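Q: Read in order, the letters of the sequence shown are residues 516 to 617 in our numbering.
Quick caveat, the hints were computed from the structure, so don't treat them as lab data. None of these values were measured; they are calculated from a predicted model. Any given hint might turn out to be false.
Here are the computed lysine-lysine pairs in the PhoX-like style, where the Cα-Cα straight-line distance is at most 20 Å [to be verified]: (1) LYS543 with LYS580; (2) LYS575 with LYS540; (3) LYS582 with LYS543; (4) LYS540 with LYS582; (5) LYS575 with LYS543; (6) LYS540 with LYS580.
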Amino acid sequence: GGSGGGGGDGGGESATSFLSPLGPKFEKYAAAFDEAGAESLEDLADMTVQEFVDDFGMTKILATKLKRAVADAVADTLAVTAPAPAPAPAPAPAPAAVRKER
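Using the sequences plus the hints, can you model the full thing?
A: Written out as structure tokens, the structure reads:
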């Protein structure tokens, strides 16, 4: 007999926190994502739509929506955390006067 693992929804970050904003249909997959160790949309960035279907039993449409949400989340994160681009090097000063040979 296997006694089910207890553990209420305490303070732990649950996949529900990033799935529920996508719509109620996604919430039922939260447990599976928790089980897999996903803590944020960014954790899913390397997964394909097919993997969402195979691994989590999602429909192709939901998996596609999730993939899009992941891409948006990753883009937002990159926009926030990307270092500022290095300033372009100053162009070399042009010679003050170019002498014309006669």
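Q: Does each hint hold? Answer for all of them.
A: To see whether the hints hold, each was checked on the structure:
no. : hint               : verdict
1   : LYS543 with LYS580 : holds, 15 Å
2   : LYS575 with LYS540 : holds, 13 Å
3   : LYS582 with LYS543 : holds, 17 Å
4   : LYS540 with LYS582 : holds, 15 Å
5   : LYS575 with LYS543 : holds, 15 Å
6   : LYS540 with LYS580 : holds, 11 Å
In terms of the numbered hints stated before, the structure departs from none.
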